[in-house]
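*Asks:* Using the sequences and the hints given, assemble the complete structure.
Read in the working numbering, the sequence shown has 64 at position 28, and its numbers run on one by one without any break.
Calculated directly from the structure, the hints in this document are not laboratory data.
Take these hints with a grain of salt, some might be off.
Below, computed lysine to any residue pairings styled on SDA-like, alpha-carbon distance capped at 25 Å [said to hold, decoys possible]:
#1 227 <-> 84
#2 115 <-> 251
#3 154 <-> 143
#4 240 <-> 257
#5 260 <-> 187
#6 94 <-> 84
#7 240 <-> 90
#8 201 <-> 171
#9 240 <-> 194
Ranges of calculated distance between the beta carbons of each label pair, as one might list FRET restraints [to be verified]:
#10 163 <-> 200: 30 to 40 Å
#11 39 <-> 221: 32 to 42 Å
#12 94 <-> 180: 21 to 31 Å
#13 77 <-> 262: 43 to 53 Å
From the three backbone atoms N, C-alpha and C, an ideal C-beta is built for every residue, glycine too.
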Amino acid sequence: MPRSFFINIQRQDSGKSILLSDGAEKIRKTINSGQWPILCKECENYFNINFDSPIDQKLNLLGKPINPKVHLVFLDHPKIIASFILSVIWRASMSENEIYKSFELPRTLNKKIQDHLKSPGTDNPFEFSTFRFERLIDRIGNFSEEEISQVVIAPYCAHREKTRKLEISFIGRGYLFSTIYPRYSSLAANKHGFLYRDRPKMIKQTDIFDQKSLIKLGVISRMKAESGHITF
Numbered sequence: 037m038p039r040s041f042f043i044n045i046q047r048q049d050s051g052k053s054i055l056l057s058d059g060a061e062k063i064r065k066t067i068n069s070g071q072w073p074i075l076c077k078e079c080e081n082y083f084n085i086n087f088d089s090p091i092d093q094k095l096n097l098l099g100k101p102i103n104p105k106v107h108l109v110f111l112d113h114p115k116i117i118a119s120f121i122l123s124v125i126w127r128a129s130m131s132e133n134e135i136y137k138s139f140e141l142p143r144t145l146n147k148k149i150q151d152h153l154k155s156p157g158t159d160n161p162f163e164f165s166t167f168r169f170e171r172l173i174d175r176i177g178n179f180s181e182e183e184i185s186q187v188v189i190a191p192y193c194a195h196r197e198k199t200r201k202l203e204i205s206f207i208g209r210g211y212l213f214s215t216i217y218p219r220y221s222s223l224a225a226n227k228h229g230f231l232y233r234d235r236p237k238m239i240k241q242t243d244i245f246d247q248k249s250l251i252k253l254g255v256i257s258r259m260k261a262e263s264g265h266i267t268f
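*Replies:* Right under this line is the structure:
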């Protein structure tokens, strides 16, 4: 996960963030931001120039909502988002950091992602995957925009049984990032508001309580806290 996803969080508590998991681990504070030396310095620079820096610039430019329900913000180049998503999940699959210990990519998708990452300027990721880039909101109002922006969830997989597709998602800086493989047809993707071509598109909003992974993590974390399974 990019360092920028953790900077604002860790500035507030001496460089630490709260690590939650759905496993048996205790809730604890950590300086672990998922970094792992899987790439040489030259490759790190390549990923930073081609994937991390462009997404940081894009997210920094996205404005605040005109009102709590409306964002008149268009994503001008969805391919930047698509390439970034693929770069993150590929790096997560290669990492030995404990945050990603249970994450794996199917071989066929792994190969397609590798080919794309080698030639992001010419290779078209929409030929094999459909993508989601959605602003997370809380329609009830329990969580502020700032609080939502401080939630970071490492890549996780969900199988869409009806369509037999694999959705891989992660969350950071107030957004849901996902790739769905194999890709949806253009008609189906457009119906759901997904990204399926490199053309401007309005950013969709999705409620945090519609995200099953967040709900599951929240319930488990609350149970851990109430039972004293916490280190601070």
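*Asks:* It remains to establish, for every hint, whether it holds in the given structure.
*Replies:* Hint by hint, here is what the structure shows:
1. Only pairs whose Cα atoms come within 25 Å are accepted, and residue 227 paired with residue 84 is rejected, the gap being roughly 33 Å.
2. Between residue 115 and residue 251, the direct Cα distance comes to roughly 29 Å. Violation of the 25 Å bound is thereby established for this hinted pair.
3. For a cut-off of 25 Å, the pair hint linking residue 154 to residue 143 stands: about 17 Å separates their Cα positions.
4. With a C-alpha separation of about 28 Å, the suggested pairing of residue 240 with residue 257 is violated against the 25 Å cut-off.
5. Of the supplied pair hints, the one linking residue 260 and residue 187 holds, its CA atoms being roughly 18 Å apart against a limit of 25 Å.
6. Annotation: proposed proximity of residue 94 to residue 84 holds, straight-line Cα distance about 14 Å (limit 25 Å).
7. With a C-alpha separation of about 20 Å, the suggested pairing of residue 240 with residue 90 holds against the 25 Å cut-off.
8. At roughly 22 Å between alpha-carbon atoms, residue 201 and residue 171 fall within 25 Å of each other, so this suggested pair holds.
9. Restraint check: the Cα-Cα separation between residue 240 and residue 194 comes to about 20 Å, which is no more than 25 Å; the hinted pair holds.
10. The hinted window of 30 to 40 Å between residue 163 and residue 200 is violated, with their beta carbons roughly 19 Å apart.
11. For residue 39 and residue 221, the Cβ-Cβ distance of about 37 Å falls inside the hinted range of 32 to 42 Å, so the restraint holds.
12. A beta carbon spacing of about 22 Å between residue 94 and residue 180 agrees with the range 21 to 31 Å that was offered as a hint.
13. Taking the beta carbon of each, residue 77 and residue 262 are about 45 Å apart, inside 43 to 53 Å as hinted.
Of the numbered hints given earlier, the model fails hints 1, 2, 4, 10; all others are met.
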